[in-house]
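From first to last, the protein sequence lines stand for chains C and A.
All the letters of the first sequence, read from the start, carry residue numbers 13 to 513 under the working numbering.
All the letters of the second sequence, read from the start, carry residue numbers 1236 to 1573 under the working numbering.
It is possible that some hints are incorrect.
Ranges between beta-carbon positions, derived for each pair [unchecked claim]: (1) Ile1557/A / Asn378/C: 38 to 46 angstroms; (2) Ser390/C / Gly1497/A: 48 to 56 angstroms; (3) Leu1514/A / Glu119/C: 53 to 61 angstroms.
Calculated cross-link-like contacts (lysine-lysine; reagent style DSS-like; alpha-carbon spacing at most 30 angstroms) [said to hold, decoys possible]: (4) Lys1416/A / Lys336/C; (5) Lys325/C / Lys1460/A; (6) Lys325/C / Lys275/C; (7) Lys453/C / Lys343/C; (8) Lys379/C / Lys1394/A; (9) Lys294/C / Lys1437/A; (10) Lys1455/A / Lys457/C; (11) Lys135/C / Lys92/C; (12) Lys1437/A / Lys1369/A; (13) Lys355/C / Lys1403/A; (14) Lys354/C / Lys1369/A; (15) Lys62/C / Lys92/C; (16) Lys1517/A / Lys343/C; (17) Lys343/C / Lys1437/A; (18) Lys386/C / Lys1460/A; (19) Lys275/C / Lys1460/A; (20) Lys384/C / Lys1369/A; (21) Lys1369/A / Lys453/C; (22) Lys354/C / Lys1517/A; (23) Lys294/C / Lys343/C; (24) Lys1455/A / Lys336/C; (25) Lys294/C / Lys497/C; (26) Lys1460/A / Lys321/C; (27) Lys151/C / Lys92/C; (28) Lys397/C / Lys1455/A.
Everything labelled a hint here was simulated from the structure, so no lab data went into it.
Think of the CB as a built atom: it goes at the ideal place given N, C-alpha and C, for glycine as much as any other residue.
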Amino acid sequence: MATTQLLSLTGVSKEFPGVKALNNVRFDLNEGEVHAIVGENGAGKSTLMKILSGIYKKDTGDIVYKGNHVNVSSPLEAQKLGISIIHQELNLMPDLTVAQNIFIGREDRRKGRVFLDNAKLNKAAKELLDELELVLDPKQIVGELTIAKQQMVEIAKAVSYRGQVIIMDEPTSSLTPSETEALFKIIRTLKAAGKGVVYISHRLEELSKITDRITVIRDGEYVKTLTTTETSIPEVISLMVGRKVDQDQRPEARPLSNEIVLKVEGISDLNLLRDVSFDLRKGEILGFAGLMGAGRTELARALIGADPKTAGKIFLHGNEIKIKNPSDAVKAGIGYLSEDRKKYGLLLIQNITFNVILSSIPSFSNKFGFLKTKPAGSIVRDVIKKLSIRTPSENQYVKNLSGGNQQKVVIAKWLTRDCEILIFDEPTRGIDVGAKDEIYKLLTKLASEGKAIIMISSELPEILRMSDRIAVMCEGKLTGIIDNKDADQNKIMQYATKFRD
Amino acid sequence: MSEAVKAVESEVEGGNRLSAFAKREIGRVLALGSLVVIFIFFTIMRPVFASWENVSGGILMSTTVIGLLAIGTTFVIITGGIDLSIGTATALVAIIVGKTVMALDLGVVSGMIVGVVVGGLVGVINGLLITVLKLPPFIATLATMKAAQGLALIVSDMKPVLFTTDVKGWDSIAQGNLIPKIPNGVLILFVGAIIAAIILNKTVIGRYTFAIGSNEAATKLSGVKVNNWLVAIYGLGGLYVGMAAVVLTSRLGSARPDLGLGYELEAIAAVIIGGTSLLGGKGTISGTIIGALIMAVLVNGLRILELQQEWQYVITGIVIVIAVWGDNVRRRRAGETS
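Please model the entire structure based on the sequences and the hints provided.
The structure is reproduced here in structure tokens:
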């Protein structure tokens, strides 16, 4: 196949006050190609994409698009050139229909026209969706669609600009395996139509399925461009982090205590959960596996009183406790680390100290309600050291930390509160490979110190690597609890689909 | 670790702290700078502007009521909320204080206590509407704003309540001089500001004020009883409304049911000029005081320049735009995302 170069970036640098975000980076894209950009968080992927899509201005460098030197000075300019970006956080208007979203800002505004022609809009959308072989109703309200379908709307919107370059930033981060397959099918359609796709993902196992080439960047510098068929995931990872990381591990056998810390009996909720019961032992990591929508996060939220339960009992060290709200859970020593750290875990605009002591403020204040800042400062510095949170000081704003370090701040919060039970919901989501390893080590260390850990994860290698026992859920029910030594991916998937067929 | 390394590290840390301090404080430094520049401008135009008589009796005294309201509402705005009721609540509290003091023949101290308690109750009602009925703060306080306006008229029978000479020393609450040359009203404003600053920065309720405004969901999941604290915070704002009402009646020698509407927006303007974010999570009491002073200095200075009141309003509007726009530009330059 003769390849025509669509886009090339050379010598791109970008500096923010105090940080060199990109230094002399290059990247190119051919027609009909899917080219991945990988790198750890903070490597500069997003900055590069924002330059390409006109959100940031580059300091130096050259962009050649279809043989012409171009200056992408604004998102509008990028759109005119034919470069579209699909952001990780979807940018749709939930109250408008599919068709209205696709053509927003481009409604027919001929002279003399007062009213919008929805029928025409719907027809145009229908043609576009058919072309992409997407099964979507143009008249459906976007907010009623699943995340996967909403993403398809985004893709249709990007294609509707008739652009040649489509940038996808972490498109699969919230998709199930079958939805991911559907997405790949669409990407192949785009490829066949000669479009170039820039693909950013943390899920490296996807790269071999969908990409042609992979460019690795590290610390704002270009590392290497690999041809997908000639490389392997371990090679990509070692280029990303600059060292080798194990992929297929199992936990070291730990002596398991028989002491049951938490006993959950028959938890149900209004919508999904039905009669879920399990025990959690001291010093163990109990993994929760299952497909999207199996009810794992719902279980965690019901457990800590964030959402109402309709039935069920909870025993802490054999004594029944009532958990009506998160405050009761925290009092009982149960800490929850949400899958969405920024929304449910952190105060991004506050500093590390503030975040770390947030759950323990009563113990950092005297009886008149005055804060004791000195002991707080030294405890926070200790926990920063213990968890090796990389930061210039405890006064750093949390929004300036990388994903891995933000996760450690949430962990630090619960350690400072001295929680005995920790519920990790997708502990490594959005965290790069190197930092993942650190989080794994930390979890193991916490368990060996006697913490009882529930770890919800959608990544089976992660479940198998970390869990002493694996609880599998399907459609709101617990379908089985397997010892790690008896478990493999197949077996887990069997339990996870138990009520599906 | 050797002592030398330690020393270097602590120096580096000190440096970080200093630059963090500079970064954090620059907004207020700029606001204070603008206040000084405006002040100097008016002094050059009309030297009488800088006379102590004008500064204390004119500028500071006229800031007391709006200043107290602004201090209380700073807490509410830092939580990411808003309180539209503080203006008409001032009128309602003033009327209730007037009626109670006259009917029960109360002294100055008991009268002040009545004012603060009633003000606090209005705040608590706002807090309950927001947390129990789950009304958005804008709507909850819009409702109490209208209700308070009506109640003030009903309770007063549409007539001002006069503090007759029977209430000895009621006028001295605002106008006396515990400290020579400084009117008591001004003293109350600054003591109130210092107490508020301590509460905001050194106490549990202050810490939760910032936490709720930064991320209410995360704060709740951290085990904080967010609803209870919100009621307390709106109640705290109400205490300052009560104080403002007492000072107002003392200055006027009467309580008028129609006075107060519009105060809420002036107080909110002061808070915003002072650099507190309407999105919540950020703000200072000193900034609010500077904001209130900027508005008072402008009004007073423009009056001395004999500019008509209509123009004073226009200029206040322009100042709000410049203050907030300038702060945005500064933040963007500093690479802060808000």
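Verification of the hints:
1. Ile1557/A / Asn378/C: 38 to 46 angstroms: Cβ of Ile1557/A to Cβ of Asn378/C: about 43 angstroms, so the range 38 to 46 angstroms holds.
2. Ser390/C / Gly1497/A: 48 to 56 angstroms: For Ser390/C and Gly1497/A the Cβ distance comes to about 49 angstroms; the hint holds.
3. Leu1514/A / Glu119/C: 53 to 61 angstroms: 31 angstroms, violated
4. Lys1416/A / Lys336/C: 57 angstroms, violated
5. Lys325/C / Lys1460/A: 23 angstroms, holds
6. Lys325/C / Lys275/C: 8 angstroms, holds
7. Lys453/C / Lys343/C: 27 angstroms, holds
8. Lys379/C / Lys1394/A: Roughly 46 angstroms separates the two Cα atoms, so the pair is violated.
9. Lys294/C / Lys1437/A: Roughly 38 angstroms between the alpha carbons, so the hint for Lys294/C and Lys1437/A is violated.
10. Lys1455/A / Lys457/C: 28 angstroms, holds
11. Lys135/C / Lys92/C: 23 angstroms, holds
12. Lys1437/A / Lys1369/A: Holds. Lys1437/A to Lys1369/A sits at ~29 angstroms (cutoff 30 angstroms).
13. Lys355/C / Lys1403/A: Given pair Lys355/C, Lys1403/A is violated - Cα atoms ~56 angstroms apart, limit 30 angstroms.
14. Lys354/C / Lys1369/A: 23 angstroms, holds
15. Lys62/C / Lys92/C: Roughly 16 angstroms between the alpha carbons, so the hint for Lys62/C and Lys92/C holds.
16. Lys1517/A / Lys343/C: OK: Lys1517/A and Lys343/C at ~28 angstroms, within 30 angstroms.
17. Lys343/C / Lys1437/A: 24 angstroms, holds
18. Lys386/C / Lys1460/A: 25 angstroms, holds
19. Lys275/C / Lys1460/A: 25 angstroms, holds
20. Lys384/C / Lys1369/A: Violated, because 33 angstroms separates the two Cα atoms, which is more than 30 angstroms.
21. Lys1369/A / Lys453/C: 42 angstroms, violated
22. Lys354/C / Lys1517/A: 17 angstroms, holds
23. Lys294/C / Lys343/C: Distance ~18 angstroms between Lys294/C and Lys343/C Cα, so the pair holds.
24. Lys1455/A / Lys336/C: With Cα atoms ~13 angstroms apart, Lys1455/A and Lys336/C stay inside 30 angstroms; holds.
25. Lys294/C / Lys497/C: Distance of about 19 angstroms is within 30 angstroms: holds.
26. Lys1460/A / Lys321/C: Roughly 19 angstroms between the alpha carbons, so the hint for Lys1460/A and Lys321/C holds.
27. Lys151/C / Lys92/C: 27 angstroms, holds
28. Lys397/C / Lys1455/A: 27 angstroms, holds
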